[in-house]
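**Student:** Based on the sequences and whatever the hints tell you, model everything.
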Amino acid sequence: MSETGKFTVSRWASRRPVLRRGRGRDPLGLRQALPGVLLPAVALAMTLLATLALGGAFGARALALRWQEGAAAAVTVQLPDMDQARVARALAALRELPDLVDARPMDQARMAALLRPWLGEIPALPLPAILELRFDPLPDNPEALALRIISVVPGAAVETQGVWVARMVALATKVQQTALVAVLLVLLLAVAVVTVGIRAGLSARQDVIAILHDLGATDGEIAHRFAGRVALLCVLGALAGLALALPTLLAFSGLAGSLMGRMPVSRLAELPWRGLPWPFLLALPVAVAALGWATAQLTVRGWLKRLP
Amino acid sequence: MAPGAAGLYVGRMVRFTSVGLRYAPPAGSSDPGVGQDVLSNLDFHLPAGSFHWLTGPSGAGKSSLLRLMQLAQRPTRGEVEVLGVVTSRARRSELPALRRRIGVVFQDFRLLPHLSAFDNIALPLRIAGRAELALRADVTEMLRWVGLEPKAESLPPELSGGEQQRIAIARAVVMRPALLLADEPTGNLDAVQSRRVLSLLQEMHRMGTTVVVATHSDSLVSAYPGPALRLADGRLER
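If you read the protein sequences in the order shown, they are chains L and U.
Residues in the first sequence are numbered from 294 upward in steps of one, following the working numbering.
Residues in the second sequence are numbered from 866 upward in steps of one, following the working numbering.
Any given hint could turn out to be false.
[What the hints assert, rightly or not] Within a straight-line C-alpha distance of at most 25 Å, the following computed DMTMM-like cross-link-like pairs (lysine to aspartate or glutamate) qualify:
no., chain 1, residue 1, chain 2, residue 2
1, L, 598, U, 1068
2, L, 598, U, 944
3, L, 598, L, 512
4, U, 1016, U, 1028
5, L, 598, L, 452
6, U, 1016, U, 946
7, L, 598, U, 997
8, L, 598, U, 946
9, L, 467, L, 429
10, U, 1016, U, 997
11, U, 1016, U, 1055
12, L, 467, L, 433
13, U, 1016, L, 319
14, L, 598, L, 319
15, L, 598, L, 500
Please keep in mind that the hints were generated in silico from the structure rather than gathered at the bench.
Small disclaimer: the values here were computed from a predicted structure and weren't measured.
**Tutor:** This is the structure:
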């Protein structure tokens, strides 16, 4: 035992302490104390729920935007021809309606784009004149409004579905907000469950922790070991949860796509992959792992304060 | 007292001044014995490089006194100075580095059952941040010193009591501690194993380490005479 026991302070005692990997890489026995079932299962379930809620939020937002874009007006008035004088007279009469904030002819290029899925590119096709009306507030009785418009613009065809679209947009916005609150609740629940799991791990390993503490391990080292294990288990569970949620999300996206006028798909590559909010979805496992890591750090450091 | 420039610690290793210790009663405890002083008015100092027995009957407070020395407990009253640091005034964050300079051997060994003998001995080095390649030589040397090199990969439950205690001693000294504390290190061993453990502790003392060995066995003290701190009812007997 050369030098062992010589009256010197170890040259390593002052180094920044780190529990190394390699042999004895798991001195706390965390593979048993934090087994690879409970936390991944929790992370999987939470990520699955959060992904679906997030997908719902983004889907509702996309629908709302699309509906708002497609139904720029609450009410559309179709005149039989593009006669400019007739259009001007109709606009003058319509501007007398109560709560009307805007009335204008629909842009021809936009009209052509809206009709393209049904009629294709037919430049020579004569198009009717469409007047777009916006109201604030929206009319309570769209049918009564339609009758009144017909009375001031004889021969016009009135379409009031924009009123319903505006109501759907408001509903979609509420759905989006509710879904984001659901994501938040899911994450809070995940923190609570992870905390319980870590506390169980601490109880199972309190003797071992005491030994490491007596050997000079710092709170930071012990917390780092727990946090690393928890983060690993959480990210594995979260990735599995994301993988499980994707088919449902794609199905939702396809359903939403059909509401937006897209054709049903029959091949995997044609699924609406691009329609998913990938940055947010991919950030979810990272967020779950970070949440687990931070929860473990706080829980373990708090628990260790009881030691001298 | 501060460590020397080359890590050599000279002079006073341990100093107790009017030290008292009382364990806080657990919440809801109605045991009248809990909450009373387990140590009272302890005044002594241990010079660097000394060997001391810590004796007294069971319940006299030997383990509590060792816990104060190994920084597992802070005194309720008075001042404990270990390796030049007054532990009662030290910040909590200062204590881990100090603990790495103190080796402790327990009666019940306190080895980690899921780690091999090698990994148990390597644990303090890993905590201190030693690289894996560098620590292998030191751990192997320790295993050779305690005569257990062939048992390097054995788990503690596969070893005899004496072998476990020798592994525990190897773990306690692998960091070349300035202070080595042993709490009833032969309490669970037969006579042959006890002699072997004592000779290892004495060898550490001969090499300059300050050693304190707690025992309630007067025969052990008689067999290995040396200065003793004698405790009775939490007080030092002169």
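**Student:** Compare the structure with each hint and give your call.
**Tutor:** Each hint tested on the structure:
1. 598(L) with 1068(U): This hinted pair is violated, its Cα atoms lying about 37 Å apart.
2. 598(L) with 944(U): holds (22 Å)
3. 598(L) with 512(L): holds (8 Å)
4. 1016(U) with 1028(U): holds (9 Å)
5. 598(L) with 452(L): violated (70 Å)
6. 1016(U) with 946(U): violated (38 Å)
7. 598(L) with 997(U): Not satisfied, since the Cα-Cα distance of roughly 30 Å exceeds 25 Å.
8. 598(L) with 946(U): Holds. Residue 598(L) to residue 946(U) sits at ~22 Å (cutoff 25 Å).
9. 467(L) with 429(L): holds (20 Å)
10. 1016(U) with 997(U): holds (19 Å)
11. 1016(U) with 1055(U): Roughly 20 Å separates the two Cα atoms, so the pair holds.
12. 467(L) with 433(L): Measuring from Cα to Cα gives roughly 20 Å; hence the hint holds.
13. 1016(U) with 319(L): Holds, at roughly 20 Å.
14. 598(L) with 319(L): holds (22 Å)
15. 598(L) with 500(L): Since the Cα atoms of residue 598(L) and residue 500(L) sit roughly 15 Å apart, the hinted pair holds (cutoff 25 Å).
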